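**Student:** Heads up: the sequence lines are chains A and B, in that order. Using my numbering, the letters of the first sequence map in sequence onto residues 1 to 523. Using my numbering, the letters of the second sequence map in sequence onto residues 1 to 666.
In short, the hints are calculated from the structure, not lab data. These numbers were taken from a predicted model, which means no experiment stands behind them. Any given hint could turn out to be false.
[As the list claims (entries may be wrong)] Derived SDA-like pairs: lysine to any residue, alpha-carbon spacing no greater than 20 Å straight-line: (1) A/K491 with B/E85; (2) A/K459 with B/P172; (3) A/K425 with B/G227; (4) A/K491 with B/F76; (5) A/K473 with B/L31; (6) A/K491 with B/F78; (7) A/K385 with B/L32; (8) A/K466 with B/K35; (9) A/K385 with B/L33; (10) A/K466 with A/D110; (11) B/K210 with A/A518; (12) A/K466 with A/R319; (13) A/K502 with B/K35; (14) A/K425 with B/G191; (15) A/K465 with B/P122.
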Amino acid sequence: MSSTSFPFLPVLVALPLVGAIATAFIPKTKPQLAKVVALAISVVVLGITVAAVIAFDTNGDRLQLAESYKWIPQWGLRFSFAVDGIALVMVALSALLVPIVILASWKDADDDGSGGRRNVPTFFALMLALEATMIGVFAASDVLLFYIFFEVMLVPMYFLIGSYGGPRRQYAAVKFFLYSLVGGMLMLAAVIGLWVTAKNGLGHATFDWQEIVNLAKNGGIPGDLQKWLFLGFFAAFAIKAPFFPFHTWLPDAGGAAPAGAAALLVGVLDKVGTYGILRYCLPIFPEASKYFATLAIVLSLVGVLYGALLAVGQTDLKRLVAYTSISHFGFIGIGIFAFSSQAVTGSVLYMVNHGLATGLLFIVVGFLVRRRGSQSISDFGGAGKLMPLMAGVFLIAGLASLALPGTSPFVSEFLVLIGTFSVNKTVAILAALGMVLAAAYILWMFQRTMQGTLNPALKDVAPMKKDLSVREKVVVAPLIVLIIALGVYPKPVLDMIEPAVKATIQDVGKSDPVPTAADGAQK
Amino acid sequence: MDSITYADATGALSSMWLLVAIPAVSAAVLLLLGKRADKWGHWLGVAAVLAAFGLAVTYFFQLKGLDNRSAALNLFEFIHIGGLEVNVGLLFDPLTAVFVLLITGVGFLIHVYAVGYMSHDPGRRRFFAYFNLFVAAMLLLVLGDNYVMLYAGWEGVGLASYLLISFWYERPAAATAGKKAFLINRVGDVGFALAIFLMFATFGTTDYAKVFNGVLESEAGQTVSAGVLLALGLLLLLGACGKSGQFPLQTWLPDAMEGPTPVSALIHAATMVTAGVYMIARSATIFNANETAQTVVVSIGALTLLIGCIIGCAKDGIKRVLAYSTVSQIGYMFLAVGLGGGAYALGIIHLLAHGFFKAGLFLGAGSVMHGMKDQEDIRRYGGLWKHMKITWATFGLGWLAIIGMFPFSGFFTKDPIILSAFNREGWTGWLYGGAALLGAGLTAFYMTRLFVLTFHGKPRWEMEKHGDHHADGDEAHHAGIKQTADGRDIQHPHESPLIMTIPLIVLALGSVFAGYLMSTSVVDWLTPVLGDAPEEHGRLSHGTVTVLTLGVVVIGAAIAFLLFRNGTELVERPARTHIVRAARNNLYADRFNELVFELPGRLLTRALVWVDNRGVDGIVNGLAAAFGGGSGRLRRLQTGYVRTYALSILSGAVLVVAALLAVRLG
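If we strip away everything but chain B, and leave its shape as in the complex, we get (with noise of 0.2 Å):
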């Protein structure tokens, strides 16, 4: 590969910046207004993000319009000491133009639809400042043109994710899982610091060109060992794993869905959570240097891949299951990623897709819980399509793009992903292969599962007013629910106001059609910034490989239906078997973490406690008391002797000192 070099901002782009200031001036206003800005804050917060995108079009137009596909913009210094110089500086290219097209497009969406299903929160001008931030930061995050100005970003919507997880403040779980994601976060961007270390240890700079230009360079001539590159990609995808809920920092995510559900979807599932994605496509070059940090990258993509279907499996919630789903997705985009060469390009495209798609499904969500009264238990849905039409239309695209069923979006970007996991070389080809289509068919179970008891079979929920009697004759409805009279079970469904509806409706073209208008053309757009897919001469075709995974699918989805097109207990039964126990456990990885990291820090913490107050105090002041011949004479110093010490002192350096100044004068 060639030395990277990044053409200087011309034109229009020079304004790039307004990107991340517009949002973030935005945010600042609603927060420093107050109340003051109740009434008109959101529109506010909405236009915001509709000026973003509106820059972002235009910018998008005018690189495309560029020979050399970047544009980069130095802003100002940021740090300059020694040999260490870090900029403000910001880059657009193809894969961030995607990025900001992504950010602004699908978050002015959610904006628009949080306007609604915020509207009777009394917070919601807090809510839109929180959401504006995030977007600046989550620019930033995709236009810095170096890794400290990537590592600010990605503390800054960790930040905004934690105030928003958190939104609910006065919910002790809303407070405990806002927490929980930052500090599980911050596992991960320590190790995202320690690369930047690494970075300018090694390479003297963190410059995204400098670096990468350095370890081609480094190929060339052998001048850094294999061991330091590999380093450094572990310890980027160490970071990426925390931001993006992958193995073993996944169980932040799913806790995550304690906030609003806008929340869960423009940042749990379309844009921040995939962060990861893009930390490693941005530095293919330094994957693409070292095999062994690639084959961990898609290893940690199949497993966790796998681990999010199996719990997907065993959830009633259903945001906690989309939850399971997008870490699920987000294993196969680093599959891809990991897979490098012309995979990379896939992965960027299922995560566009993904999007689309996440998002119509997390908002279709949103829409179902606001008819149900915040129910969030698919155990209490079914037969909802008559309510709520639009959104199970919505609803219904999504799942079948999310499935990958001919011809939805899903289909055109996860369909290349399990070829290309195939086509990897030697028997880990069949493994990855294996993983990724057997993935394929859980996703169709679960989302099936999903829909079904969602918007199909018979109501397991009861009317308002004449609930009571329709009841009577099923089994399956007797649970008790309809005592619950204090307003939480006995539902009154009803499809949304159009100002929720119609984000739902665009992003459900999203789901039909941007799979198959991207499968080529991002793929080729991103071309300058990830190289070219090399020719593949693989053990399946791709044909093979449509077949099989259009079948497991199907299979799966067969499954699900006969097993609950009649609906389902009210209440979750005992489970049977390990496996189902274990997912539903979310497979004891919160259990782990409280076993191995929790429970010995608090013991640790508890400890010194006592040996601060004990040991290490107790030494010191027992060396003291020896000194002065027992502590009593101690306790007695207390009581006045040190006072009137310590006024001698004062007193003897202002004579002492005047004394001298006389002297002097005299």
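Isolated chain A, as found in the complex (with noise of 0.2 Å):
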């Protein structure tokens, strides 16, 4: 491992979490320098990752911009960052979701006369830290780095939905957390477990990912103890993502949480989930992987209908989109374990276009919600006579969240579903009914808050009438485009994300079908 000429992993670590502390001292009475600050600093993170993405060589080695310090060697645990294209396109869509989600949250810490003691600067530092702890859990090539970044990751969330958030903030919160400390905790033992392993089967104690992997791909990790691994790391991932049956704090936290967290929440925690998933689970215990592919995809295919049918039956705004996550996650699961490389493409693709496209969802919601201070849609109704612009904005960010051609989300779900058929045609049909689903849940939706005849109770409703700000244009506007340019030339981020794929695809040590055409002509 080579190192570059500039540390931009550890930096792009370390810079939101020196920013958070800075903002976290910044008085509670200037809060409007702690917003200033936030955003200045994520700005500069998101160019550090610009630069970090021109840096990456999508035809270069596996992991790259890879740095290492020495942390506690007689464990030997160190302090390692390296990305491949599936961690680096993640990273980059923490990096850009941040500061659109400061900028769109502005003013959502602000006292407003309900909320009892809510401090500006803590919010915004909150906001860093987090992005420090998901950048980290991205970049990390060590095994226990990550597990550390994935639980403290836990900790600016927690305080965020239980601090910030709306009526059942304090119940979501803790459910939120005691969801993820259980998973947490089955992980700790697994990575204690694969630690010992690979002390035996190596005769050194490490972390190491890429050592790891080295020594499974060479059978170091016999079949019984890697079935046995895989759940430890499988249960975190899968509570996390989540997928069904382990998913009823999602709605709860994404309804409470305020909307730009649940942006993130959703946008990009969750996804380490799935990423985790792609990133150890598959080449780390690749027999394993393959062994509970099947109940994998069950359980995905499960959540993608049941996800979509519950979305379809929410009262309320941000619960409703909380529900098209799990649906959606059900289909980066499949994808997942589909183990052809345009699924597996796919899935990380997915995971991208659903935090731009969510995540442009959950801030319109945002917007919503506080202007009418209800997130009941029955308290909608008719309101894009009074919103134009918000009302187009919403519908662009549902046709995205319902994978229409055009928009990025069509690629990555195509894909998954493709790469599916070729390799097991029932699940792919059954999917492809969330297509139908999607449609329902969506349009529903914009029916019932933007369109009809307008909801008396929204005249008196001042804020109603104001459409979307500058700073709001602002917060949707970079959203869009890259939906949109995404869905047209996807090309950039599958090249950067292909390779990787292939890789881990060989790690498990799959292949794509061949036509089936082609297949009877050699007979």
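Two chains, each in its own frame: build the complex with the hints.
**Tutor:** Put into structure tokens, the structure is as follows:
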């Protein structure tokens, strides 16, 4: 592992952390300063991320931008950072969403007279702390370091929900925390088990991802052990993603969290689950991954349909969006465990696109909820008349969420399904039903909030008459541009993802099926 | 058949991406500029389509000069993962050319018409933005050189259709109709998507040429089972049925009439709803390879054309009748393309002729409504020919064209379809031919009813100022219309402005001449794509079928004329027979959907919401509570313990990291 000229990844982790600490010390009486500092730092982080993306060579080694510092030599623990294409796009997604969310949440922490003790600098400090942990979790190339980020990530989100959320914030925050904690403990056990195995297999203590993967490749992790360790990791990831039936914390957390935090929660945080499966479960436990693939696919498939049906039945805007995400995570899960290059690439791209689309959806919902003072769908109705621009943006976010061609989520959903179909037709056919349900929940939501006769109650709500402000336009514009640009020309991202996906599929020992016509011709 | 190759685009044709780009950019400009473009936005929209039409004509003549009669243009790589390679690529061949001309030509006329029709609507700019968006998507649909591009255009026109049906979104009926259209189309789209997946799994590609050659090779080498080809055909057909309003997915199309009338004319009559026919004709190689798939297409066409006719006879809304007649006429097109062989081209020329006369009829209906304060009920028209002569004359020509009267357009395009249906091998020829013939008679009946009730007989509405005195003596006139003085029913019918009547006249010319002009030229033109028409030695001669068809058409029209020349009741009387009741209820198709899909879906959703809140969540909470020694402790955790816990984890982690760092640095 060679060291690059500029330590991109450690800086990307450290800078927001330093920023968080600095922001936290800004006195409560200067909220504006805290906001500006937080925004500035997140923008710098985004700039460095762009530089890192440029420095990354899509045709180069699997792991790049590697940096490693000694930490606890006795345990073989190091501060190791390195990214493959998959990790890099997730880092980029995090770095992109944070400044957007900070700007979108500009006034969300302000004392609106109902929330009690809201501390503005802390809110933005938590956002930056969250960014540091998110980037860290994706950039880590050391299993224990990954685990630490995975756990610490909970803390800022816990406070964001618990202190700045909606009416049921306490309940939701605790539920979120307990679920994640249980998963984390199972993973910790598996991490220790893996460490012991690696020590026995390699003869020295290490948590290094590459070394462990090489060990696994040479059959150094026996079958039965693989299954147990896989389950430890998988449980944590399945809760985090979340997969059915571990999903019930998400609607509560997503419904109670402030909209910006919810966008990060669903847009990035949950992706750590699916990312973890790709980066840790598949390469390290290839046999177990294949063994449990059916189970994982069934859970994902149930999630696709179950999440979508529940989204149709929701009466609360934020909970609705949260349930749509459960459906979308099902697609990601199916794609990962189909083990074909199209499906897995599609899943990774899905993580990015879902972050953009659902991020936008949560942000717009946040605008709406803040104006109306209610999350209940029935409190809206005909609002498009008052706010045509808002309605348009809301519709674009919705159309992206239902994977309309021309928006980026289409590419990923298409890849997942086409890649899955060539491996398992039944699963792809059933999952495709999710496409119809997606149209149902999105369009019905849009109809109930924006179309139809104007809800008379809205006439008395002054903020509902204000269409998007300049700040809000600045927030949504980059997301819309990216959604459409990557919908028309997804190649740059696909090029970045594909080599890493190929390597991962090789780790599992799978290859793409041959077209049946060519197959038939050979016979 | 030889293997299929497309030549690379050269010369002017290498700029054919402009066809999609111009209307797309115009739509984007209209949407992004917002109110700033209100004053001139509609003219930009018209100009964009005119420019596209000009280009289309240029490309058409260039294509005519090419030996290979095809031009493929690869723009850029869209997706390339493993064996999957999808390009953003365009193909201009004879089949595409006629569609591009139809879309831009008729599209331009309807855009012009809409400038007048929407002149009083505050949302006119938004309307033209969506209209341009539609044109862009529709052109992408017919220009794509692979199934993914076709799919992208396919869903794109679906979006435009949704936006335009629910254009008056503050009306709940319009919003619901738009959603219904999108949802039912999505059902079809899933079929289409699965067809693409199956293509990839089977042939490893989604490009037209490669898929078709794969099918041809597989026929020779038996590399693909008949079941796969059948599945491929049926899945494509499901998509086609959704977009084209064919059984069993027809119910959205009549509801789509909630949109402004130009939308009904362009999208839900002339172009978008015929995309299914385009898809089947484009995939001729696939359908030719499996007879069962073709039989299903023919059956759907025959069934749908009858469904459309029967319901069309029972409806009173002028646009509803026209909508069902669209369903029915597309049934004829499906019938034709399902018959295969030479009938493919017949389906396409009927489609083109239909594009003219149905667009003309819809615009005529819009002109009538424009002069009748948006009254749609033909029971409340009558005698309008005196007040809107141009509309009357052009509508009349459209009427003669659609019922297939000699020598108008429909005669030259519908008649050969009926002939081909009769000449299908085996007893099914009688079945499909009979259905097509019966349909022709029914079409003549309900279209004559529509025409006579609208333009002839005594007025069943009242003039604005002196209306009260006229009606006294007439029994049929007392249903209370004159009381509604708040503006809806007392009428002042008038002809529409020139900007609306000129497109009507042009389309009427098409209704008269297009059929004859296209009946041989376009068929020959399409031969490179659809293959030669084999010599037909049928059981019935052309002459016999022509006489039969004209006979039933005259009978149908005569019955309608005799029944309705004196007008009709102002309100619908209760149905006395089951067939009338069923027809008025759209043959219970909506009821069926409601009972079989909507209601169970709603119940399932409700049950799942309950289960998720009580069951899944309850079990997990229960377990957590059990571990924690009762729910009381859980509740206590919520009030602050975990907060402390979280804080301690954080500070612990920070301390550990700091300590370790210190050790390392030291």
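**Student:** Against this structure, judge whether each hint is valid.
**Tutor:** Consistency of the hints with the structure:
1. A/K491 with B/E85: holds (12 Å)
2. A/K459 with B/P172: Holds, at about 19 Å.
3. A/K425 with B/G227: The hint holds at about 14 Å.
4. A/K491 with B/F76: holds (10 Å)
5. A/K473 with B/L31: holds (15 Å)
6. A/K491 with B/F78: Holds, at roughly 6 Å.
7. A/K385 with B/L32: Holds - the C-alpha atoms of B/L32 and A/K385 are around 18 Å apart, at most 20 Å.
8. A/K466 with B/K35: holds (16 Å)
9. A/K385 with B/L33: holds (18 Å)
10. A/K466 with A/D110: Satisfied, since the Cα-Cα distance of roughly 19 Å is no more than 20 Å.
11. B/K210 with A/A518: At roughly 12 Å apart (the allowed maximum being 20 Å), A/A518 and B/K210 satisfy the hint.
12. A/K466 with A/R319: violated (24 Å)
13. A/K502 with B/K35: violated (49 Å)
14. A/K425 with B/G191: holds (13 Å)
15. A/K465 with B/P122: holds (19 Å)
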